[in-house]
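Same order as they appear, the protein sequences are chains C, U, R and S. The first sequence begins at 1 in my numbering and counts up by one. The second sequence begins at 1 in my numbering and counts up by one. The third sequence begins at 1 in my numbering and counts up by one. The fourth sequence begins at 1 in my numbering and counts up by one.
Hint data in this document are derived by calculation from the structure and do not stem from the laboratory. On a predicted model such as this, the values are computed, not experimentally measured, just so you know. Be aware that one or more of the hints could be misleading.
The list makes no distinction among identical chains, and a pair is therefore deemed to hold if it is satisfied within one copy or across any two copies.
Claimed, not checked - Derived pair list, reagent style DSBU-like, types lysine-lysine, alpha-carbon separation capped at 30 angstroms:
1) Lys239 <-> Lys199
2) Lys37 <-> Lys233
3) Lys155 <-> Lys144
4) Lys144 <-> Lys199
5) Lys199 <-> Lys138
6) Lys21 <-> Lys37
7) Lys37 <-> Lys155
8) Lys21 <-> Lys138
9) Lys199 <-> Lys21
10) Lys144 <-> Lys21
11) Lys21 <-> Lys45
12) Lys199 <-> Lys37
13) Lys239 <-> Lys155
14) Lys155 <-> Lys233
15) Lys233 <-> Lys138
16) Lys138 <-> Lys155
17) Lys45 <-> Lys199
18) Lys45 <-> Lys239
There are 4 protein chains.
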Amino acid sequence: MRIGFIGLGSMGVGMAGNLIKGGHALTVWNRSADAAKPLAELGAKVAATAAEAAAGADALHSMLANDAAVRQVILEGGVLDTLPQGAVHVNHATVSVALARELADAHERRGIGYVAAPVFGRPTVAAAGELNLVVSGKPDAVAKVQGLLELLARKVWPMGDDPVRATIVKIGGNFLIGAAIESMAEATTLTRAHGVSAKDFLAVMSGSLFASPIYQVYGGLIADETYSPAGFKMSLGFKDIGLARAAAEAERVPMPFASVIHDALLEALAAGDGELDWSAMARVAARRANLDDSQD
Amino acid sequence: MRIGFIGLGSMGVGMAGNLIKGGHALTVWNRSADAAKPLAELGAKVAATAAEAAAGADALHSMLANDAAVRQVILEGGVLDTLPQGAVHVNHATVSVALARELADAHERRGIGYVAAPVFGRPTVAAAGELNLVVSGKPDAVAKVQGLLELLARKVWPMGDDPVRATIVKIGGNFLIGAAIESMAEATTLTRAHGVSAKDFLAVMSGSLFASPIYQVYGGLIADETYSPAGFKMSLGFKDIGLARAAAEAERVPMPFASVIHDALLEALAAGDGELDWSAMARVAARRANLDDSQD
Amino acid sequence: MRIGFIGLGSMGVGMAGNLIKGGHALTVWNRSADAAKPLAELGAKVAATAAEAAAGADALHSMLANDAAVRQVILEGGVLDTLPQGAVHVNHATVSVALARELADAHERRGIGYVAAPVFGRPTVAAAGELNLVVSGKPDAVAKVQGLLELLARKVWPMGDDPVRATIVKIGGNFLIGAAIESMAEATTLTRAHGVSAKDFLAVMSGSLFASPIYQVYGGLIADETYSPAGFKMSLGFKDIGLARAAAEAERVPMPFASVIHDALLEALAAGDGELDWSAMARVAARRANLDDSQD
Amino acid sequence: MRIGFIGLGSMGVGMAGNLIKGGHALTVWNRSADAAKPLAELGAKVAATAAEAAAGADALHSMLANDAAVRQVILEGGVLDTLPQGAVHVNHATVSVALARELADAHERRGIGYVAAPVFGRPTVAAAGELNLVVSGKPDAVAKVQGLLELLARKVWPMGDDPVRATIVKIGGNFLIGAAIESMAEATTLTRAHGVSAKDFLAVMSGSLFASPIYQVYGGLIADETYSPAGFKMSLGFKDIGLARAAAEAERVPMPFASVIHDALLEALAAGDGELDWSAMARVAARRANLDDSQD
Chain C
1 MRIGFIGLGS MGVGMAGNLI KGGHALTVWN RSADAAKPLA ELGAKVAATA AEAAAGADAL
61 HSMLANDAAV RQVILEGGVL DTLPQGAVHV NHATVSVALA RELADAHERR GIGYVAAPVF
121 GRPTVAAAGE LNLVVSGKPD AVAKVQGLLE LLARKVWPMG DDPVRATIVK IGGNFLIGAA
181 IESMAEATTL TRAHGVSAKD FLAVMSGSLF ASPIYQVYGG LIADETYSPA GFKMSLGFKD
241 IGLARAAAEA ERVPMPFASV IHDALLEALA AGDGELDWSA MARVAARRAN LDDSQD
Chain U
1 MRIGFIGLGS MGVGMAGNLI KGGHALTVWN RSADAAKPLA ELGAKVAATA AEAAAGADAL
61 HSMLANDAAV RQVILEGGVL DTLPQGAVHV NHATVSVALA RELADAHERR GIGYVAAPVF
121 GRPTVAAAGE LNLVVSGKPD AVAKVQGLLE LLARKVWPMG DDPVRATIVK IGGNFLIGAA
181 IESMAEATTL TRAHGVSAKD FLAVMSGSLF ASPIYQVYGG LIADETYSPA GFKMSLGFKD
241 IGLARAAAEA ERVPMPFASV IHDALLEALA AGDGELDWSA MARVAARRAN LDDSQD
Chain R
1 MRIGFIGLGS MGVGMAGNLI KGGHALTVWN RSADAAKPLA ELGAKVAATA AEAAAGADAL
61 HSMLANDAAV RQVILEGGVL DTLPQGAVHV NHATVSVALA RELADAHERR GIGYVAAPVF
121 GRPTVAAAGE LNLVVSGKPD AVAKVQGLLE LLARKVWPMG DDPVRATIVK IGGNFLIGAA
181 IESMAEATTL TRAHGVSAKD FLAVMSGSLF ASPIYQVYGG LIADETYSPA GFKMSLGFKD
241 IGLARAAAEA ERVPMPFASV IHDALLEALA AGDGELDWSA MARVAARRAN LDDSQD
Chain S
1 MRIGFIGLGS MGVGMAGNLI KGGHALTVWN RSADAAKPLA ELGAKVAATA AEAAAGADAL
61 HSMLANDAAV RQVILEGGVL DTLPQGAVHV NHATVSVALA RELADAHERR GIGYVAAPVF
121 GRPTVAAAGE LNLVVSGKPD AVAKVQGLLE LLARKVWPMG DDPVRATIVK IGGNFLIGAA
181 IESMAEATTL TRAHGVSAKD FLAVMSGSLF ASPIYQVYGG LIADETYSPA GFKMSLGFKD
241 IGLARAAAEA ERVPMPFASV IHDALLEALA AGDGELDWSA MARVAARRAN LDDSQD
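My request is simple: use the sequences and hints to build the entire structure.
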């Protein structure tokens, strides 16, 4: 298949690489051209514009940063004009429910298939082809790209026909991660105040009842206070909790935990911690209790 | 070893049974005598009072319901008068930090070893000898009972010398469970409002990023809405979150998530749901969004 | 002076009337023309468009519903093209901080004075010329309209040069009202649960420590449960708390009370109470405690 | 009438003085005897014990600090043994609902009248005889002391027969004060972040919509940042919000604002601000937004 790939950030570059390794011909594009180099070395063609990367493709994957980037590149960047009718666009970005709906409509009008396929996983997981992909879209569109998705994923989770479905699952999942972090932040502050270190407490938890990737990865960061370089920045966490809150507002869903996380993230941003990993919410909890930021 | 065992509720009966199967001679006591029968059939001696169960024992295990019961039976029930000097009392109950400290002092004054060994796990897990035990106490006291603890546990987690340490880990752990439930309650309300059932959403989460016992067990209850009979009652959850809040208050630790959980549990209790499993916090979240309690 | 007045809702109609009674020649416009009739009877000229109402005016007052209406009518409706250089536009609407800044810049570029003059008070207060006006803008612009403002107000509160200043005071004030309502909602639920009616409790409070318009007006509505017809609708309250939250987010200000109010309003909207007065937040508090909505 | 007065703190000393000035013979007692001197100079007899102050009295007033002091002095200090049958005890302290009920029962059993008469007002107000008193108790008991209460109060608010009623009104009122403080704390942080000082913002608010003692007194403290010496200490505010939360818990009333206030007070106590006036909650809000504690 002829495949376009747009958006070669730390996630996208690994994903595109796996498609190439799977035997596909890729035409790639990224806003800053440097990011395309490693893929060019693997044999990818480098396009000068997003629209050019899409031209004549059977499938177009995009992995862009946020609503604004998706709107600019996909809706306003001419991509839908160069993608052939009958092609399928696979959107891996985490976007708002409102934009997901708008994208679905815009593709439908052009006769282009649209598959929402947001991903769970960090860059190393993306590079290893071990992502969790939640996928929704019209069955024939999904069927066309199923083989591609499997090159990227440990598991492809089919979520039905409506692209909003995968989108809300991704948004709900990110909220769940934020809530797990704030939970660990508060719990470890409590145990520290009673003499048990975050490391000792979390070793028990993530080794028994909560033995899962999220508690192990983020619990490890909290235990070791390794918030920089960030795996996932505070400012991005703030954006994602904002997506959950916007989706909640649209359907009148009170989410008091989301409000607490929002306030903790604001407090971290106010303190200048926007570049730290969002597990540094544990610092906010510790400061409120007048514990040292650092446990040593 | 000669072992006393006090408190034969749904947890205690399985634990005592495992000590017997491990080859130990048990003298057991329970407030209502009926609960002792299955153990008597396994060869346990049945005492008429808690103090009698403790008399002459090398080790005394107790698995009582709450602070009030521990206070009444252990501190005011004569147990510390009949337990021989040098014996070790292993307290499996989840108690407050304040009581943990009081118990440690009272045992110390009598020359009796005191080991805090609260448990994570449900009755079936207790019966299978697969509990997670967090254990703290003076090293010689812990050493004396280490073999007994291993008969009860999938894993024994040593937490150090101070009995308060295991206590706060248990309290922090229960808070973490309550927070996971409220997280899933809010997230599933959000996805349901956008057309994705709790079952579909939680299947992804507990099968990937959150693949751990807590998310799988409680997520399963929320997905299936099987809140009755309760594995762990709302009213007990309320008590446990109260222990976290009391410990937080004592050391000046703000815990906004604990406050939200407290308010959700109060709302559930006000609605008459005190006998349901505490995962029915998902009902509170759904009602606030004006979704049906039931998804069908 | 020749004055234009745009926006003749329940507030604007009384305000415009007071300018006419003060001896000024008014040209008025409203989206639905019927609203202009009572003013035409007082001698006002009725314009066919907003731009026409502004044409040749010394001062233009506008009292529009929200950001969207202000953007459409003022920024996109040609008003800034017909208002003469040196004229002053007095904006009485409650708008976002972001829009206030955008408006100030747009007027500046056209050489038109811009005065932010949001109002506190209900329609009857507006009709009586007894509003509280918070006013900010360049001193010469404010000076030109000072006499007009005094026709509308019990008191004009000067807030300085920057239009954002009056805007944030208005937004902060509305948050304070929302917080007072939620406070009374929770407090009366507490006293009712202990046998003291909202009426009895609030009579004491609003007759002593809290003897002020907000507690007396909204306390009276809560005591009597007269939520319909609404003096200020739940849905408008939701919009105003949204302005506070947006302003807070922009400057990284955690506001946990605003989060609680947001969640209570969402719950009221989910229950279908959007048309009630926003003091019906007391119903949300009562329902959560499983008290009857109605006290009788 | 022969009157006993127990508890001569900053509030009690002024109240007792007003009873003397009203022409009554007082026997007074205070834990530390020095506090009685100014009253002795006004002609009061000084008793050696609380029980002695109560002996033979027609009416006994007490103004003690908290539940513990009331329990120790009144229930365990022999007062109910020396007060004559038919005498009336007027309790001015803010106590828990649970203790109010226990006190009512204990007095009933001894044939002593019991009137709950908690007060709103600061020491200067008490000295001026301008308190607001909320009063409940059996009608004949209240009637006997009505004249005394009027010597203390700007207004006596009758709340009915059950002593719990005045108690919960006082507790609800204190919660309302705490909520007003937190509201002003958040609102002024918001306006400060947008360039409007707390002083400028609160001058508008407490001069218009919120023109009442609470907003003027506490708003003034926040505007001027005069948190020390405290009119009402943070630690006492924490105790009072605790009474509201305990009363709410007893009757299953979720109070999310009370939870937020609790968390803010805990944060202030953790920061070592327990001796400041509780209006210093404004400092907590400012710190969370990374604004200077001090506005200058």
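Going down the list of hints, with the structure as the test:
{"no.": "1", "hint": "Lys239 <-> Lys199", "in the structure": "both (29 angstroms within a copy, 26 angstroms between copies)"}
{"no.": "2", "hint": "Lys37 <-> Lys233", "in the structure": "within (25 angstroms within a copy, 57 angstroms between copies)"}
{"no.": "3", "hint": "Lys155 <-> Lys144", "in the structure": "within (17 angstroms within a copy, 48 angstroms between copies)"}
{"no.": "4", "hint": "Lys144 <-> Lys199", "in the structure": "between (47 angstroms within a copy, 27 angstroms between copies)"}
{"no.": "5", "hint": "Lys199 <-> Lys138", "in the structure": "between (46 angstroms within a copy, 21 angstroms between copies)"}
{"no.": "6", "hint": "Lys21 <-> Lys37", "in the structure": "within (16 angstroms within a copy, 66 angstroms between copies)"}
{"no.": "7", "hint": "Lys37 <-> Lys155", "in the structure": "within (28 angstroms within a copy, 50 angstroms between copies)"}
{"no.": "8", "hint": "Lys21 <-> Lys138", "in the structure": "within (27 angstroms within a copy, 58 angstroms between copies)"}
{"no.": "9", "hint": "Lys199 <-> Lys21", "in the structure": "neither (39 angstroms within a copy, 35 angstroms between copies)"}
{"no.": "10", "hint": "Lys144 <-> Lys21", "in the structure": "within (19 angstroms within a copy, 59 angstroms between copies)"}
{"no.": "11", "hint": "Lys21 <-> Lys45", "in the structure": "within (14 angstroms within a copy, 69 angstroms between copies)"}
{"no.": "12", "hint": "Lys199 <-> Lys37", "in the structure": "neither (41 angstroms within a copy, 43 angstroms between copies)"}
{"no.": "13", "hint": "Lys239 <-> Lys155", "in the structure": "within (26 angstroms within a copy, 40 angstroms between copies)"}
{"no.": "14", "hint": "Lys155 <-> Lys233", "in the structure": "within (25 angstroms within a copy, 35 angstroms between copies)"}
{"no.": "15", "hint": "Lys233 <-> Lys138", "in the structure": "neither (33 angstroms within a copy, 41 angstroms between copies)"}
{"no.": "16", "hint": "Lys138 <-> Lys155", "in the structure": "within (19 angstroms within a copy, 48 angstroms between copies)"}
{"no.": "17", "hint": "Lys45 <-> Lys199", "in the structure": "neither (47 angstroms within a copy, 43 angstroms between copies)"}
{"no.": "18", "hint": "Lys45 <-> Lys239", "in the structure": "neither (33 angstroms within a copy, 49 angstroms between copies)"}
Violated hints, in rising order: 9, 12, 15, 17, 18; the structure is consistent with all others.
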